[in-house]
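Novice: Construct the complete structure from the given sequences, taking the supplied hints into account.
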Amino acid sequence: MCSWFQNKETGKTIFKKLEKDFKGSFKLESDEELKKINIRPTDKIYVIVNEQDNIIIKSMRWGIRFDEEKKSPLIFNIRSETVKDRKFWSNLFKNNPCLIPMTSFFEWKSVEIRRGEKAEKKKIPCKISFPQEKLFFAAGLFTKLNNGQEQSTLLTTEPNTQIKEIHNRMPVILEYQTALDIFKDEFEKNLEKLKPCKMPFEIEINPDESGKNKLFV
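Be aware that the sequence shown starts at 6, since it is given in this note's numbering, and climbs by one per residue.
Incorrect hints may have been included.
Claimed, not checked - Here are the simulated lysine-lysine pairs, DSS-like style, with alpha carbons at most 30 Å apart:
| no. | residue 1 | residue 2 |
| --- | --- | --- |
| 1 | Lys169 | Lys149 |
| 2 | Lys128 | Lys17 |
| 3 | Lys25 | Lys49 |
| 4 | Lys169 | Lys21 |
| 5 | Lys25 | Lys41 |
| 6 | Lys123 | Lys13 |
As the list claims (entries may be wrong) - The calculated label-pair distances, taken between Cβ atoms and stated as ranges, are:
| no. | residue 1 | residue 2 | range |
| --- | --- | --- | --- |
| 7 | Asn100 | Glu163 | 52 to 58 Å |
| 8 | Gly153 | Leu79 | 15 to 21 Å |
| 9 | Lys128 | Ser35 | 32 to 38 Å |
| 10 | Leu196 | Val116 | 31 to 37 Å |
| 11 | Glu86 | Lys17 | 15 to 21 Å |
| 12 | Lys76 | Lys203 | 38 to 44 Å |
| 13 | Gly29 | Glu86 | 29 to 35 Å |
Simulated from the structure, these hints should not be mistaken for laboratory data. In this text the structure is predicted, and so the values were computed from the model without any measurement. A virtual CB, placed ideally from N, CA and C, is assigned to each residue, including glycine.
Specialist: Okay, here's the thing in structure tokens:
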């Protein structure tokens, strides 16, 4: 489960990177700048979608809740296996894939901390990023509710060799140079992309002996 990531880019800088690094028609839908760097479920995030062959940067909530009044579960992660096996999520991935820009994400590592003769188990955050890529894209889905609100969720997969030492899941990270192909490739080809990332990560482990987990800035 991924419940925390960072994005240090703004909508405008993401737009400029897309124009510089990719071919196509790009649009920044809103000038709204999201000030939060450390992002949790229910926060607004930047999401890249394809509408009529235009690549658009939108802002929408991270987490899909189908019934706000009844407080149905907040779905902020979807397993890639679920997308392959369940028709509803398969159709959503086929029709509404999206990219979620990140500069790092976090997973929690269980460790044993000794204080004298006593040992206690504790989970500490591990910050995961690419040394060669300040910005990268995770695969996701989005939907529009009856009230017009757009919401998104993040796709997860099995961990690669590095992440396996920390956690049993990780986001689906797409290769930067071909990430936008998710909007034009056939469904079956996109399903093949829902697998662990092979590129090496940079991992920072941050134990905090006070019992409060510090944020990386």
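Novice: Now tell me, hint by hint, if it's right for this structure.
Specialist: Cross-check of the supplied hints:
no.: 1; hint: Lys169 / Lys149; in the structure: 34 Å, violated
no.: 2; hint: Lys128 / Lys17; in the structure: 36 Å, violated
no.: 3; hint: Lys25 / Lys49; in the structure: 25 Å, holds
no.: 4; hint: Lys169 / Lys21; in the structure: 34 Å, violated
no.: 5; hint: Lys25 / Lys41; in the structure: 25 Å, holds
no.: 6; hint: Lys123 / Lys13; in the structure: 39 Å, violated
no.: 7; hint: Asn100 / Glu163: 52 to 58 Å; in the structure: 25 Å, violated
no.: 8; hint: Gly153 / Leu79: 15 to 21 Å; in the structure: 19 Å, holds
no.: 9; hint: Lys128 / Ser35: 32 to 38 Å; in the structure: 36 Å, holds
no.: 10; hint: Leu196 / Val116: 31 to 37 Å; in the structure: 35 Å, holds
no.: 11; hint: Glu86 / Lys17: 15 to 21 Å; in the structure: 36 Å, violated
no.: 12; hint: Lys76 / Lys203: 38 to 44 Å; in the structure: 39 Å, holds
no.: 13; hint: Gly29 / Glu86: 29 to 35 Å; in the structure: 31 Å, holds
Hints 1, 2, 4, 6, 7, 11 from the earlier list are contradicted by this structure; the remaining hints agree with it.
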